[in-house]
Amino acid sequence: MIKLEKAMAKMDAAKAQRGEAPQPEAAQPAAAPAAAPPAPPHPVQITATSRAPRSQWWDVWDQFKTHKGALFGLSIFVIILVGIFLGPLVWKTAPSYVDLLARNKGPSAAHPFGTDQLGRDLLARILAGGQITIAVGMTAMLLSLFLGTAIGVLSGYFKRLDGPLMRLTDLFLALPLLPLLLLMVTLFREPLSKAFGPETGIFILIVTAIGATSWMQTARIVRGDVLVLKEREFVLAAKSIGTPPRRMILRHVLPNALSPIMVSATLGIATAVITESSLSFLGLGFPPDFPTWGRLLFDAVDQMQLYPARVILPGIAISLTVLSVNYIGDGLRDALDPRIRGR
Amino acid sequence: MPDATKPPLVQVQGLKMYFPITAGVFRKHVGDVKAVDNVSFDIHEGETLGLVGESGCGKSTTGRAILRLYEPTAGSVKIDGIEIAKADERQLRRMRPTMQMVFQDPQASLNPRMTIAGIISEPLDEHTQLSKKEKLLRVYELMDQVGLNRTFANRYPHEFSGGQRQRIGIARALALNPKFIICDEPIAALDVSIQAQVVNLLEELQDRLGLTYLFISHDLSMVRHIADRVAVMYLGQIVELAPRDAVYAQPLHPYTQALLSAVPEPDPEAEVDRHRILLTGDVPSPANPPKGCNFCTRCPQVKPICHEIEPRFQEVEPGRYVSCHIYQDQNTTAGNTAAPQTELV
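So the sequences go chain by chain: V and E. The opening position of the first sequence corresponds to residue 0 in numbering that gives the first Met the number 0, with each subsequent residue numbered one higher. The opening position of the second sequence corresponds to residue 0 in numbering that gives the first Met the number 0, with each subsequent residue numbered one higher.
Don't read these hints as lab results, they were simulated from the structure. Certain hints may be false.
[As the list claims (entries may be wrong)] For lysine-lysine, the following BS3-like pairs were computed, each having C-alpha atoms within a straight-line distance of at most 25 Å:
#1 E:K77 / E:K5
#2 V:K238 / E:K15
#3 V:K238 / E:K131
#4 V:K158 / E:K85
#5 E:K302 / E:K290
#6 E:K77 / E:K15
#7 E:K15 / E:K290
#8 V:K91 / V:K104
#9 V:K229 / V:K158
#10 V:K238 / E:K77
#11 V:K238 / E:K85
#12 E:K15 / E:K85
#13 V:K229 / E:K85
#14 E:K15 / E:K27
#15 V:K229 / E:K15
#16 V:K158 / V:K238
#17 E:K85 / E:K5
#18 E:K15 / V:K158
#19 V:K238 / E:K134
#20 E:K27 / V:K158
Quick caveat: nothing in here was measured; it's all calculated off a predicted structure.
The shape of chain V in the complex, shown without the other chains (with noise of 0.2 Å):
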């Protein structure tokens, strides 16, 4: 008792020194009814010491920067999207023209990636393949990561909803999948081509299939990481606050749950992007004169060894974009996390 009296004098000399005597203009609240907090009462002058909070976005650029492999898979996918969607104004050769005078040909100054067995170019057929097979990737990306994130959290943060949503996402994952794809393909197919025309209606009807057969993962881990989240103690500060469930999941639950957020969205464009081309390789995806990267590798396989580079190189454009984005979404999740930035 005595130490702890005397630590606590010996502090208070200390604040005396330092002219830390509590401020008259601090003792007004007390005064106040405590009702409302009082509109700002005096004059508490935003100094240069204290400049205003800097939006937290320039952080994580600036902590982005420092990851080299995320600054690298960052300018290979910007590469690989300025190619595709500005290529084909360059590189003006129709994918679709057929000139059966130059089949199976080698790489040339007409043809820098060389011919396919119709005769149509390569490098044409890689572009706009590509435009395709990275929008599918992307928007099928976003509706599973959307899905599995909002079944992930409101399966975790509801008890209620716990049990039915888990047994649904059981469900789904017990679903031979090829087959329910295939099954989806056949039978909308025909009704989505009439409504939206036959391009918009394929790529709809795939981006739904691939986006509704592989949010699963992501539900599974997203619900074990609110589960986690909703016990800490910042949780249960908020809940004393009086913040209601849907700001308490914006605001505390879902930074908190970004990091395997991310890591599924990287690897679900892989998924996505794959699971489109062994659609197209069965011959139910896009129709044959569509190219993706995916359909690419479909009709050069038959002649692969002849042909080697017509595998390849849908393979390494189908490598490159989703190596890239993996290294983007490490590098993104590093930098959006606090306690690695800065260090």
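Got chain V; can you put chain E on it based on the hints?
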């Protein structure tokens, strides 16, 4: 300091918090962990009630049940005359600004992904319509109040020391000008030197803002320093409730006596004479408390009646409440002790 003419700010009556135990495939309800079992006390405005007891006796659960962070099994909690224990969501949300909490682990109670400004202004976001600039001013004002440098506003919790984090927690609790703050072992995770700082800060704020505290701690010296009255808990029940000086000078309940005898004496000469009451055995499981008095399995002054009948929590001297048969014999008639007291069982 307590103003006896006004009704108490906080009135807790017969608070019970049972956690169900389920077993088997069908999650059959087979019993309860009686974390808080029939606890009653009042706290007057401007007063500090210290709640002490060993680990696992239900101190923190009591605090959390009072703020409805848990759903209490039974009992009533009135804060500022308004019933909390049965209030619906909307009513409860309106009451939140009046009652706040400072948590035990300052690391765990701050969201690692929010800046200090974000954390302190969360209560303002929830309960006020201040503009962004006004909120920022209020945040700076609060940071001044708890002695944090304003330049820290954009930093994240992991960049602070334990004491600073606890100050952030206190600033958050103060943001809405609450009347009543539950301090749930606010100093347990801190170094001794920092403990003094934080406790002094809490006292200073109490003087300045007229706060009422429920100070939960297992540090008896610290409770002696800060509390006006002390409640001692054992196995989910309050065994003794009395003004601070009375408890420390002359503890009545055998458990309080044992607890206080364990406090080391700084004066070496007095330390030699200190008579330590050693309790044997373990704390019984709160899922299966003993019959009769909860303390009967370890009490050095146990009597046969203690194994049979639960003692009543009653006033033995003005302002001193004890739940023990030793003192009930003096005050209750023989007929009363002979008849089983069913009301608290």
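Could you tell me which of the hints above the structure violates, numbers in ascending order?
No numbers; nothing is violated.
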